[in-house]
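Asker: Each chain, written out:
Number of protein chains: 2
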Amino acid sequence: MDRFEPVCRAISLDLPSPSLSDNRSHESRVRAALGSILGQKPLFPLKTCKYLADILPSSDYKVQTLVLDGPSGWEVAQASAKSISLPPYGLAVDLGSTTVVFYLVDLGSGETVSTLSKSNPQRVHGEDILERILFAGQNNGLEILQSEVIGLFNSSVQEIMAEGGMSPEDIFFIALAGNTTMCHFFLGLDPSHICREPYIPVVNRFDLIRPSEIGINVHPQAWLYCFPNVGSYFGGDLLAGILASGMHLKEEISMLVDVGTNAEVVLGNRDWLVACAGAAGPALEGGILSCGIRAQPGAIDRVDIDRNNLTVMFHTIDGKAPEGLCGSGIIDLLAAMFVAGLVDPTGKLVVDRDNARMQQIDREWVYVVADPHETGHGEPVYISQGDIKNLIRSKGAMYTILNVVIQSVGIGFEDIERFYVAGAFGNYIDPKKAIIIGMLPDVPLERFEGLGNAAGTGAIEALTWRKARKEVEEICNKITYLEMNVRKDFMNQLTGALFLPHTDLTRFPSVDKMVKM
Amino acid sequence: MDRFEPVCRAISLDLPSPSLSDNRSHESRVRAALGSILGQKPLFPLKTCKYLADILPSSDYKVQTLVLDGPSGWEVAQASAKSISLPPYGLAVDLGSTTVVFYLVDLGSGETVSTLSKSNPQRVHGEDILERILFAGQNNGLEILQSEVIGLFNSSVQEIMAEGGMSPEDIFFIALAGNTTMCHFFLGLDPSHICREPYIPVVNRFDLIRPSEIGINVHPQAWLYCFPNVGSYFGGDLLAGILASGMHLKEEISMLVDVGTNAEVVLGNRDWLVACAGAAGPALEGGILSCGIRAQPGAIDRVDIDRNNLTVMFHTIDGKAPEGLCGSGIIDLLAAMFVAGLVDPTGKLVVDRDNARMQQIDREWVYVVADPHETGHGEPVYISQGDIKNLIRSKGAMYTILNVVIQSVGIGFEDIERFYVAGAFGNYIDPKKAIIIGMLPDVPLERFEGLGNAAGTGAIEALTWRKARKEVEEICNKITYLEMNVRKDFMNQLTGALFLPHTDLTRFPSVDKMVKM
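So the sequence lines, in the order shown, correspond to chains Z and X. Just so we're aligned: 391 in our numbering is position 391 of the first sequence, and the numbers increase by one with no gaps anywhere. Just so we're aligned: 258 in our numbering is position 258 of the second sequence, and the numbers increase by one with no gaps anywhere.
Isolated chain Z (complex conformation) (with noise of 0.2 Å):
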């Protein structure tokens, strides 16, 4: 494994015997022994001490000690009979406002064994994070949020553990990436400044910190890594982004898209990164349209309209029967649609191009993509005209900061090599849809690359490559973040790009060529 270094190595040894010539303390002889090996002596804990008065006579001075990188280097954080050995396992955590996602890592091999999702259980005070900012101002609202997710990180450790008839004791390290909102939640930090000018978090930068100070039972010398912040609008879990994708490593630029109710976006290579972050609002993950539903069995994941004679295609997840459109479904079906002349490019539905489908509900045109009869609700799921509207207004906002951040370099689409795409239901996107409707630059689709979970890959890696946490550190000093929130040049090109795909077609030659055909 390229890049395997783990923060928590194993390491056998078998000391010379104690002698009158050699009658180095116990801790002594471990200590030089295992300094000789990492290149530094290791710090040693009075609880690891302890037993080595035990330990080591009993074992023959053969032993077996699991060293950890700390705060200031490597520090011993078990020693034991060498015939114990099970291999240190590593805890990274994707802290998602909707979903936490667990991995379970054997830093012995670096291979992730275990994966555990969860749904958040602070989702009970609201879906949007600022319902939860609001909570958490009221009486002892933020001790609950906190106590809510220590408490699913405790449940979730035990359940993954026992799985592999481990112990939570057998975890040594955990690295945590979430938004600057949710490490705040989760570290009993006031979120209150976040959401209100100028957008204070109380901490960026997390020391290490011992599990057991927030009530999460793991090894009692494990340490906790929890990805910084850039700002508040840019946290930890796009810095697991970033390193996830490599590009801060990379000589050619490349930009990483992070979609969701907030676009988040970063640009760069490895002598410099612009990123921004700005609200893009929630149509784009599907909150608020009227047929939305999350990525779930019988959301409708993947939509085609033949522009000939407008028959309407549809995946949905597991082959369930449709019960709605998710993220990456509202998106393909909006870019079929507008192909399809069913929707003009100021985001009007053409009713008369399909009478059967184009229908009033609740006074309003809808275009019905699966009739009742289809779905596994019996009702129908459609897209309205207001659903057009807001997905417009959010995918215009996306493609305006992403052209911001470029204008800020003084760069072209075309001169990025690589656009990364992150997030909940970011990469189920197809980029070429996306292209369609004016929300991703037009380039050429090879540019484009899916990162998975990116958060939690950059997770794993701050686990299974000890230089992870240093390569953060220097993103974050490295970063300049751009404010949206204060910048005149977003409204001003927003309105361009309020069209499908925009006003300025030359920016989408590939999208104004199709349209043409």
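Honestly, I wouldn't trust all of these hints.
Stated by the list, open to error - Below, computed lysine to aspartate or glutamate pairings styled on DMTMM-like, alpha-carbon distance capped at 20 Å: (1) Lys389(Z) with Glu364(Z); (2) Lys47(Z) with Glu143(X); (3) Lys47(Z) with Glu127(X); (4) Lys488(X) with Asp22(Z).
What the hints assert, rightly or not - Computed footprint of chain Z on chain X; a stretch qualifies when at least three of its residues, placed anywhere within it, have a C-beta under 8 Å from a C-beta of chain Z: (5) 24-30; (6) 188-199; (7) 224-238; (8) 338-348.
For the record, the hints were derived by calculation from the structure and aren't laboratory data. The beta carbon of each residue, even a glycine, is placed where N, CA and C say it ideally should be.
Following the hints, complete the assembly by docking chain X onto the known chain Z.
Answerer: The following block gives chain X in isolation, referenced to the frame of chain Z:
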């Protein structure tokens, strides 16, 4: 004050208010400001960060911080509104087997503001350290020993802080010097191999410890520094003594002698250090002599005898009626008796030289220093023939150890510019008298310097001079330890030293001259 750079600093900050063009997190704002003052960005523990959201805006961004020199450099231990401003305190501790001395140090000024001396409660399990090691091995003996000293620690901290209207939480750093065994008891480490060949402590180098980990109640972010050991018989108390003497920084060669049941010796300069410890027996401390007592009121600490008329003159501590002889008094007495011809070079009492004072008690010849009618308890204070034999054995061992050490590096006593005399009673010894009995070498008197409570002074320096810990580490790395228990030359040389002052009078020319006068 020379070498004043304390391990804890109070730093007031007047921070720029946040704005859209400077919307760093609270933590980053404080950390950057401290970084530019300290020359290094401090660590910022979660606990300390937590209250920044309250403190910063409410104090208009004027805050007082306390930073500590922790395991990986500076770290923020406290941040508060500017108006709250106690100086940070440190606690230096000389953890002796008999007496534990606490020094409260104002780390703003470096002054020791209060001293508290307490009897070590472990004494109920034996005055002798070996008895306590045996006790530690029985049932939960170690736990008992540890809880006794920790209990004393907490009550003493309470007492010393309450005196000044402060609380234990105002203590931010502890530096503790004790011998290897005392430190093992204190930290709950198994001492059983310290006293058995090949004499293996569990730990020689202690990393910084959280006081709370061993049940000590001070500030939750405080650190405890425990002076390291070089070996079982060469502990942190002596390392603190070296630090206090400054011999490790000088070009000239010095010798540090710690006089006690164990004779501990260090020889060297800034380039090299040789150390040795060996049993001298308890006679020098007065512990086993017929009328030996501790240095307490009523103890005879100074004695002289007119060599012509044999008049005895003595001084007692606090001027109270005599009740016994403490260490310095015993050495004075033997020296005066030898010069006055009351004891011959082989250590035999010359019983017909003073028929009044030479008496038989319990069928043994004794020399009476104070008659029953002069003493506080109505019993005579005397020294017996057996006492003298014991004393000579102890002083002979001491001298031989010094001699073995200087021979090991191929120099003579005359090459040593300075003799530091330390130890519980070492500081009170009159070097002139110690030379007469052949305990200390016959060099010009001005070369001797009492070090006072060297362990305590060294512990204080570890608080007021933050590079001290690094210096101690360097001393440990530089020191060559001679295991006296395995040296054959010791026994060979001891024989000659079992005379007053020595069989070889050319070694003690000033004594030879005086006796011949």
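Asker: Against this structure, judge whether each hint is valid.
Answerer: Taking the hints in turn, this is what the structure says about them:
1. Lys389(Z) with Glu364(Z): holds (13 Å)
2. Lys47(Z) with Glu143(X): At roughly 15 Å apart (the allowed maximum being 20 Å), Glu143(X) and Lys47(Z) satisfy the hint.
3. Lys47(Z) with Glu127(X): violated (29 Å)
4. Lys488(X) with Asp22(Z): Status holds; Cα separation ~18 Å.
5. 24-30: Holds, because 5 residues of the stretch 24-30 of chain X bring their Cβ atoms closer than 8 Å to Cβ atoms of chain Z.
6. 188-199: holds (count 8)
7. 224-238: holds (count 3)
8. 338-348: violated (count 0)
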